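Residue strings, one per chain:
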Amino acid sequence: MPPDEPEVTSETESPLPLIGPGYDYVAVTDKISSIVLTQPTPRVWYIGFGISFVLVLILLYAVAYLFSVGVGVWGINIPVAWGFAIVNFVWWIGIGHAGTLISAILLLMRQKWRNSINRFAEAMTLFAVACAGMFPLLHLGRPWFFYWLFPYPSTMGIQPQFRSPLVWDVFAVSTYFTVSLLFWYLGLIPDLATLRDRARKRLPRFVYGILAMGWRGSAIHWHRYEMAYLLLAGLATPLVVSVHTVVSFDFSIALVPGWHSTIFPPYFVAGAIYSGFAMVLVLAIPIRALYGLEDFITLRHLRNMGEIMLATGLIVAYGYLMETFMAWYSGNLYEWSMMLNRMFGSYGYMYWLLMLFNVLVPQTIWIPRIRTNVPALFAISLSVLFGMWLERYVIIVVSLSRDFLPTAWGQYAGTIWDYATLAGSIGLFLTLMFLFIRFLPMISIFEMRAILPKPDNMSPR
Amino acid sequence: MAEFENPDVLLAAARRAYEEGYRYMDAYTPLPVEGLAEALGRRRTWVPLIVLIGGLIGCLGGFYLQYWVAVLDYPINVGGRPLNSWPSFIPVTFELTVLVAALFAVFGLLALCGLPMPYHPVFNVRRFELASRSRFFLCIEARDPLFDRQRTWQFLESTCPRGVYDVEH
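Line order of the protein sequences matches chains A and B. Residue numbering for the first sequence follows numbering that gives the first Met the number 0, beginning at 0 and increasing consecutively. Residue numbering for the second sequence follows numbering that gives the first Met the number 0, beginning at 0 and increasing consecutively.
Certain hints may be false.
Stated by the list, open to error - Restraint ranges, calculated between C-beta atoms of paired labels, are given here:
no.	chain 1	residue 1	chain 2	residue 2	range
1	A	P203	B	L51	28 to 34 Å
2	B	N83	A	F66	38 to 44 Å
3	B	G40	A	A375	53 to 59 Å
Honestly, the hints are just simulated from the structure, not real lab data. Nothing here was measured: the structure is a model prediction, and the numbers come from that model. Virtual Cβ for every residue (Gly too), placed ideally from N, Cα, C.
All chains should be built: construct the whole structure from the sequences, respecting the hints.
Structure below.
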């Protein structure tokens with residue numbers, strides 16, 4: 000059985016196609032490039048872009064206020080010094096992971112179905128990592144000194160502490176962003192050349208021409224290109240795993256009950272992929288409806304992504320189970336009391352909501368009819384995104400609020416500025432996404448050509 | 000330059016051209032065609048070696064950076080741990096390995112391909128804009144020692160192309 004054929008679960012379920020019928024090189028190229036070049040921009044795009052841009056303005060306002068007054072405007076205090084900012088950071092960076100997973104790991108596994116979703120999943124990665132990177136910087140308190148985290152030749156002779164996971168984070172996230180950007184741009188070059196050749200107006204021709212850097216599809220260039228692309232995928236694959244592992248080290252290297260756990264790295268990585276695929280679905284479903292791309296992003300793609308969500312969701316559920324089990328089995332008083340507090344303490348409702356959204360709701364994907372039901376998948380994905388945010392919140396806030404000594408206990412709640420920054424970051428993400436689908440090919444054209452059946456007009460002349 | 004309708008005809012033409020003895024030639028396609036570079040006589044690329052060198056630079060440089068900071072330039076005794084506490088240097092070493100290797104991969108690729116190159120004579124052929132859409136081109140360059148306007152033209156005509164064009168430059 001070829002590896003890209005998903006298991007057929009029941010007799011009635013026929014294998015779904017990768018691409019709608021009747022497409023050849025010309026049709027694929029024209030369809031994708033026309034979205035950027037010739038089609039009128041749909042009204043929904045303007046409305047969506049407008050709403051997201053308002054959220055960006057809210058973000059700018061919240062950040063300006065934060066800079067002028069200080070991090071005290073957020074709800075953070077001792078003992079909970081890591082509030083929304085770190086919750087949002089971990090959440091956003093997790094969302095980014097699906098993009099790299101689709102583009103790198105599925106490429107190495109020769110999963111052809113990735114070709115129609117990898118481009119915008121990669122864009123999603125970039126924008127999500129950009130949103131993520133913003134939060135630790137804002138959280139610094141003196142964000143204008145962020146460059147102190149880098150080992151630069153400082154006149155003060157002070158160097159960063161390389162034994163600290165927080166410095167590892169800086170390297171992990173900036174490497175992740177850079178490599179994702181390179182990967183994305185490299186993939187775009189042939190498509191930018193297509194847009195350059197297809198554009199009829201001077202300005203787009205010029206801009207796409209500059210960006211395509213004179214790509215002409217030479218066979219020798221393709222030869223090197225494929226090799227470089229494959230190697231980048233090979234480099235990005237361990238990177239996906241390492242980035243969230245490093246993020247989880249921020250927690251597990253600490254001694255705080257509820258953080259000091261060896262399950263964290265794999266459990267964080269699985270959670271990242273889980274929320275990432277949820278975000279891809281949340282984006283893909285409206286986009287394919289809006290631009291009529293049902294032939295390219297088929298039910299099979301949606302179903303495969305749903306299945307990956309189910310698999311990673313089960314890993315995450317296993318993580319929850321193990322956390323609880325180890326807290327009990329270790330016999331550690333602090334661990335166990337933290338776990339009881341997590342379930343039944345003042346934030347207990349969050350824990351149960353998390354179980355509902357992250358563990359129970361996604362189990363419906365087992366049902367074949369749900370798996371191919373587009374609105375249901377959309378709803379499940381939203382539930383997962385919300386559940387994963389709650390998970391980060393529960394891990395960070397609940398653990399910090401009940402430390403070893405009762406005298407050091409404290410409650411935490413986000414302020415209006417916390418919520419404004421969170422909403423603003425979602426707005427920033429969506430704004431960038433809207434601009435991306437308007438100005439760049441959101442589906443990789445040359446990779447779509449590669450999955451087409453060979454043209455059958457083989458007769459010479 | 001000859002234009003073809005599909006990759007298989009181009010591949011056959013490229014193979015024949017190589018057998019005829021043409022060496023300075025290139026093919027232009029809208030998607031990677033398996034075996035085409037080999038048909039044109041290019042078997043190896045330097046890309047993997049470049050990436051390996053980048054990875055080694057990143058790995059050794061990354062570790063040395065931390066060693067230099069933590070042992071030589073700014074030693075801090077943290078709870079009696081050794082200054083060269085290498086396990087905690089692994090994450091940054093790994094990240095820098097990947098980073099430098101990736102940078103070498105992309106910029107090495109661009110350098111090998113001679114990009115950015117906004118002007119290239121092949122763009123003078125009007126129909127060449129289809130090379131990024133649906134058509135396949137084979138171009139035999141005038142600097143090839145076997146190149147002869149008449150004979151090369153006839154040869155290209157014999158490979159079942161959709162059309163043969165002159166590339167001005």
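For B:G40 and A:A375, compare the CB-CB distance with the range 53 to 59 Å and indicate the outcome.
54 Å, holds
State, for the Cβ atoms of A:P203 and B:L51, whether the hinted interval 28 to 34 Å holds or is violated.
39 Å, violated
Between B:N83 and A:F66, does the C-beta distance stay in 38 to 44 Å?
39 Å, holds
Checked against the numbered hints listed earlier, the structure breaks hint 1 alone; every other hint is satisfied.
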